[in-house]
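*Asks:* Take a look at the letters that make up each chain.
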Amino acid sequence: MTILEELERIVGRENVSGDPAITAAYSRDQHWTFVPPKNPAFVVRPGTKEEIRDVLMLANREKTPVIPWSTGINIRGMTIPTQDGSIMLDVSRLNRIVELNPEMMTATIQPGVTFGMLVEASKKHGLRPAFPDAPLTVSAVTNNYLRGIYQTSPRDGLDHILSFEIILPNGETLQTGSRLLKRDLPYFRYGPGPEIASLFIGGPGTWGVVTELTLKLYRIFEHQKIYYVGFDDLEKPIDLIDRVNREELVSSCRFVDTIHWLPPYLGTFDYEYETLPEFVVAMVVENQDRIFQAQDQIVQSYIAKSGGKILDLPQDLADNLKCEMLGAETSPMIFGFKGNFYCVGYYGPLNLLPKYYQDFKENALKIGFDAKDISFYANTIARFHGQSTYYELEIYFDSSDRKSVEMLRTLHARTVTNLLETGIYGWFRPYAGVIEPTLERIGNFTEYWKKLQNLIDPNGIMNPGKVF
Amino acid sequence: MEKISEDVLLRAISHCFKCKLCAIADFHGMGEEWLAICPSGSYYGFNSFYSPGRFEVLREVLNGEIDCGTEMLVKVAFACQLCGACYERCKEVSKVELDNAELFEELRSILAERGWLLDAHVRIREDVERTGNAYGEDERVEYPSSGDEVIYFVGCTARYREREISDAMVRVLDASGARYTVLGDEWCCGSPLLRTGQRDAASRLIEHNAGEISKIGAEKMVFTCPGCLKTFKESYPDLGVELLHASEYINDLVSEGRLQPGKLEITLPYHDPCHLGRHLGIYDAPRETLELIGVRVMELSRNRGNAWCCGSGGGVKSGFPEFATWTADERVKEIRATGSDVVASACPFCKRNLKDSGVRVFDLAELVSQALLRSDRG
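Protein chains in written order, with this note's numbering: chain A, 783 to 1250; chain B, 4 to 381.
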């Protein structure tokens, strides 16, 4: 039997294809200026865990690369094949919310569940998931599994995973945390023995296929107030951001440039953004009754001392930041400025923000980018130990213009080198363009990483080329 | 009908961010409900049937990586109603200037040039060439004419399949005292051929109809078929005639006092036809018409720009009947969720497909005609 026939046997003819008219659609993502297009040989759409297991066992036996693909929203080239003959494992049919447990404040979901689906279901119970600043079409499993949810709320923390189930390349199923002792009690991260969940988290489909994941949900507060505070320089806001986070006064805090990042928060292009200060700190204060009032008063006093100016935005627009927190439908608006969007995403301390941005801007200008296309974004995350902040340094460009693309490649290489030299905590995701120079710098860790990878996937079938 | 250059196509494709928000209705605007709006992707599942994936197929066709007209390629290209829901969402959230349906028509046109077409669509072209109508009907259905103030362009479906719509429109025109003409030799507007990539064949139809219309010298043309209206607005030369959907024309007649319909005093859900709503931006006029005749509109979950397609457009009804039926079934579930088994709409093609899925569908013209009877009795 050929591989195609075997796949047809496993998932049924209607759920597998090797026709280029099908495989082409999995060949390229928005990161194509860095990761060239390549078609997989087959696309297979399993409908059950058993079918996923059988596909992995087949691939392992045949030593054929497998690339897990959840809902397909990816801007890092992480699901673009690197080898001929690859199987694209499209798991979007597994889109069931297995359990939403208001008592435990958890959701157990399959990989095809999007954030939009999860927001809708959680809201009925006065709850919400932690939400990334990504379209609500992205997979909640993939985003949590890849490296936490980085933006919604510093109060929520970064890591929302409690436990998961993963099918390994050899077809074995592994459970993590409390699932190990009782499958229907998946609510605790730390089960018996070593905590292997953290070891697996962050692998872009390189350890196996996550088929079920239990994550934390958070309360939706009735009392909520949103502030947009304008600044004309980059240094002054740092103190305000540091204070409100250190004292745990805000549930969301984003430092952005007005022209590029405010439109998605306000949900419209039709506003005179150029009349506003150059930078904006967007903050959400929320809590219950009097606690909220007390917090809000303190925040107001800090804003007054910060040298910033509370922007008088129309209330209906200002309130749209709530949508960002619950589901960032409008985020991709920003990419409409030039047609395409490049960003390098990473974690680092807040106090390095001015240096990160100034270095980036200086490089971009030297290479020839227009100042109006250079942007940044900083979002405090987790408890504020280490001033942990998620960053994006960004360029708006037209990917159909070859010159821009070449300029971008040059800028990217310089930026990655600069950031590694300046010092960052880690990359947002392990993806092409950042992982290679990083592996060179992390000494024997790389060797141990490879050994572990080899232990789990001795035939190297899981998304090869994306890390090693 | 001009071809878009390859460079422009590739540029447009490369601006798609692959966020796939084009596959769901306005989440926050609709009460944070996860509602699909892409019938093709929802039905077939593979990424190629969603806009971002189909763009990549177009890219590979353009650069020659796809060089064989397989059955799957034809399905990917043609199993889409071109309903425009994807572009409606994309333009709203991204400002990227991608008209998805236009790009997909380009894909179809390229395939058609290479002879990679569905037999069903080739048959439509042959029927049109033989009989002048998309259903291949040899016997012409005739209509009265009373003058040259306005031309009523009937269209193939209201003439040969959903006759009650055109009959009702004629009653409305008669009641208003408008002096109207139905073209004696009206040919298919060309929409079915344009939507299925057969542009050359459509040119002859456009030339013929344009000639017939010029002979009349009317100031206005009224359409009960939004597909015909769209085609006239977008693909015909400027004929110096004001082009109006029936709802717009009827509203004018009422406001001018030429038409005095009674009130039906009923509540109905209204289905937005894709050609009328998303493609031409006419959402309010049909609702105003319904209000004028005492029909309270019960909005469906997915309405206006977020409306779910009836399933028949873009050559799907003829090319992929099972998919067309499934799409209509989905809409019918939504209609029935309102507690109604009846729906109002404003397109003969929508009426036909939704009716086939088991609900009663009344076109605006029919409802207005009934309201006129109510007025006569009153």
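Keep in mind that the hints were calculated from the coordinates and are not lab data. Any given hint might turn out to be false.
Here are the simulated SDA-like cross-link-like pairs (lysine to any residue), alpha carbons at most 20 Å apart as the crow flies [claimed, not checked]:
id, chain 1, residue 1, chain 2, residue 2
1, A, Lys906, B, Ser304
2, B, Lys94, A, Ala916
3, A, Lys906, B, Lys94
Because the structure is a prediction, the values reported are computed rather than measured.
*Asks:* Hints first: check each against the structure and report whether it holds.
*Replies:* Hint check results:
Distance check on the hinted pair: Lys906 of chain A and Ser304 of chain B sit about 18 Å apart at the alpha-carbon level, within 20 Å; holds. Using a Cα cut-off of 20 Å, the hinted pair Lys94 of chain B and Ala916 of chain A holds, with the two alpha carbons roughly 18 Å apart. At roughly 30 Å between alpha-carbon atoms, Lys906 of chain A and Lys94 of chain B are farther apart than 20 Å, so this suggested pair is violated.
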